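Heads up: the sequence lines are chains P and X, in that order.
Mapping of the first sequence onto the working numbering: position 140 corresponds to residue 239, and the numbering continues sequentially without gaps.
Mapping of the second sequence onto the working numbering: position 215 corresponds to residue 1648, and the numbering continues sequentially without gaps.
Worth flagging that the hints you see were computed from the coordinates, not collected in a lab.
Every value quoted in this text rests on a predicted model; they were computed, and no experiment measured them.
All residues carry an ideal CB built from backbone N, CA and C; glycine is no exception.
Among the hints, a few may not be true.
Sample of chain X residues at the chain P side, in silico, Cβ under 7 Å [to be verified]:
1. 1440
2. 1507
3. 1508
4. 1516
5. 1517
6. 1598
7. 1601
8. 1627
9. 1630
10. 1631
11. 1633
12. 1637
13. 1642
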Amino acid sequence: MSFRLSYRADPGNPWFSWQYVRDNSDTILAAVREHASLTGRAVLIAVLIALPLSVLAYWFRPLAGPILAVSGVVYTIPSLALFAFIAPYLGTGTTTVLVGLVLYALLLIVRNVVAGLNQVPPEVGEAAEGMGYGRWGRLFRIDLPLAVPGIVTGVRLATVSTVALVTVGVLVGHGGLGQLIFAGFQNNLYKAEIMTAALLCVALAVVLDLLLVLVARLVTPWSTRRAR
Amino acid sequence: MTVASNPIGQAVVWINDPLNWTNPGGMLDRLGEHLTISALAVALGCLVAWPLGLWLGHLGRGGGLVVLVSNATLAIPTLALLTILPVVFASGFGRTPVVVALAVFAVPPLLANAYTGVRQVDPEALDAARGMGLSGGQLLRRVELPLAVPYLAAGFRTAAVQVIATAALASFVNGGGLGQIIRTGFGIGIAAGGGQIVAGGVLVAGLALLAEVVLGGVERLVTPRPLRRGRQRAGRPRPADATGSA
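Next up, chain X with everything else stripped away, as it sits in the complex:
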């Protein structure tokens, strides 16, 4: 016990070992896996949720469906979906089922925000656009979509942070990612692997918080200044805030 015997000291030692970074299955490998899985899942979620949400918002229908989807996914345990999907896809293990499972959890915030984003557009702006002779499709593309961008960005941030957080659970189904470092630590046992466990936790938490901060900045950037202030003053509830945990 000459080396630090408390978990945090062990974690510092573990992180400072260059081999733990560059080994196969080391931190860099796991980080790459984590980011790839998350990016694919968020992209898949956007592909499904944004068109659907924008369209439903444009029609002004399906608000009940949006709420239902959000509530249903809140109740489904991530672990269950992660284990069931490899069975559905006969490929068994590997990346596809994990990406699909994570995408399912990305859908509610993306869908809810796309829907709300279109619905909150000022009816007077819509009337004006209609008076100028815009058709339904043009209205959606030229008026509703641009005005919904801040909401889309908010949904994207929520979804991305949640997927990055949930991707840590992919390690339970041998899907790789940073969670694997924690799992391996538990495999060794807390006495010997405590440092690795804490180090893995720091990496996973750090990545999630970093994503939150960076995407929060992006959200501010794409929100035009007058809308920023207006939204704060009006205090509109953001549906994304209510959905999801990982």
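Chain P extracted, bound-state conformation:
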């Protein structure tokens, strides 16, 4: 247990090197692409599953408890264990990683969408019914648009944590940038490789998060108008 810091000690193994980035730009780009595509697909699938689930939980109150409880239990299961359950059945392909990521993203999205739907004021719902909206019309015209802030919060949280979680896919050989981090670790602690991949990971999370904020602004023009 020594706490000697080594960050300046080693000129042959710098924290960051453009040389490394230039020489390995193909590998790095491929890793970023895999990382982004895994994240995008996982969040998209999770949204497609989570929205109907949330609407179910919103329409039929008794279902809300079980839906949230089950996704809560899945969320508590450590990622490594989840991949360990899936891999023997689905093999060591991207499918395993995708399924794991989707299961994790589900809870974050469902919980926030349900919260968003529940905070739609009851007067608004009554007014909509009075205007003759049916259940579906009210859902698409009133409830979902008003729940957009909740949906966006859920999707943003899910996206950022999915970006971080993809790296665990190293276990089955599809970890995107995690692949580089792990390779750097095995390659005698090649700091430049570890650092580049880690920074790109965080950058990807930030970029995707900003993109989602932008999309949210575009689909809810009224929210910015009111703020002004």
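Got chain P sorted already, so can you dock chain X onto it with the hints?
For chain X alone, kept in the frame of chain P given last:
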């Protein structure tokens, strides 16, 4: 293929082999490592986050910092921190960097809950205490701290469960723990090691769920009954719920 050929059957066989429990590097060894690493990491996190959170809450400042810390750690991949810290500590491999890395992930829920716990104290209670002549330090120790205990417990539960879950990843940097069983299984290959992989998964998941249930009970115990009901009715958002994944 006389023995069960599906992964679950293989897992049952693997778990039922006493050697897999008692061997060096068997389940008992790994469980001990896992618990030691997790306990040290949570203790370290508490040592850093609780005083800071309580103090910031007492001052009523730094809410932005608390949110920033939570969001930043959410974006950092666990694997990156686990691999970078062994480089920072020249000791290279071993337990210290793993404990520190896990402690980093324990800090946000502990910090956020300590901060919220102090901030949610009824201002009238604070006024009354001040009127009785309590100084700032006494106020924190005798009024704010006791009233923040339920929040501290909630943060502790979230942090501990998360650390136990994340500790499984320590196996990637040869840090030991139950994750090592899964990694070894993948090392053998899915065809031969499928049972071991699933068995390791069951152990890791079981430990996390067990910790969640036990610490949830502890949280209920230390929350005085009137506060329990009050919190449910008021439906205060618990910041810890939003942070973290493993």
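Hint check results:
1. For residue 1440 of chain X, the interface hint holds, since its Cβ comes within 7 Å of a Cβ in chain P; the closest pair sits about 4 Å apart.
2. Taken as an interface hint, residue 1507 of chain X checks out: its beta carbon lies about 5 Å from the nearest beta carbon of chain P, inside 7 Å.
3. A cut of 7 Å between beta carbons decides the hint on residue 1508 of chain X: the least distance to chain P is about 4 Å, and the hint holds.
4. Restraint check, residue 1516 of chain X versus chain P: the minimum CB separation of about 4 Å is within 7 Å; hint holds.
5. The interface hint given for residue 1517 of chain X holds, since its Cβ lies 6 Å from the closest Cβ of chain P, which is under the 7 Å cut-off.
6. The closest approach between the C-beta of residue 1598 of chain X and any C-beta of chain P is roughly 4 Å, which is under the 7 Å cut-off, so the hint is satisfied.
7. Taken as an interface hint, residue 1601 of chain X checks out: its beta carbon lies about 4 Å from the nearest beta carbon of chain P, inside 7 Å.
8. Hint on residue 1627 of chain X holds. Least Cβ distance to chain P is approximately 4 Å, under the 7 Å limit.
9. With a cut of 7 Å, the hint placing residue 1630 of chain X at the interface with chain P holds, because the nearest CB-to-CB distance is about 5 Å.
10. Satisfaction of the interface hint for residue 1631 of chain X is found here, the shortest Cβ-Cβ separation to chain P being roughly 6 Å, below the 7 Å cut-off.
11. The beta carbon of residue 1633 of chain X comes within 6 Å of a beta carbon in chain P, closer than 7 Å, and the hint placing it at the interface holds.
12. The interface hint given for residue 1637 of chain X holds, since its Cβ lies 4 Å from the closest Cβ of chain P, which is under the 7 Å cut-off.
13. Contact between residue 1642 of chain X and chain P, as hinted, is supported at the beta carbon level, the nearest pair being about 6 Å apart and thus within 7 Å.
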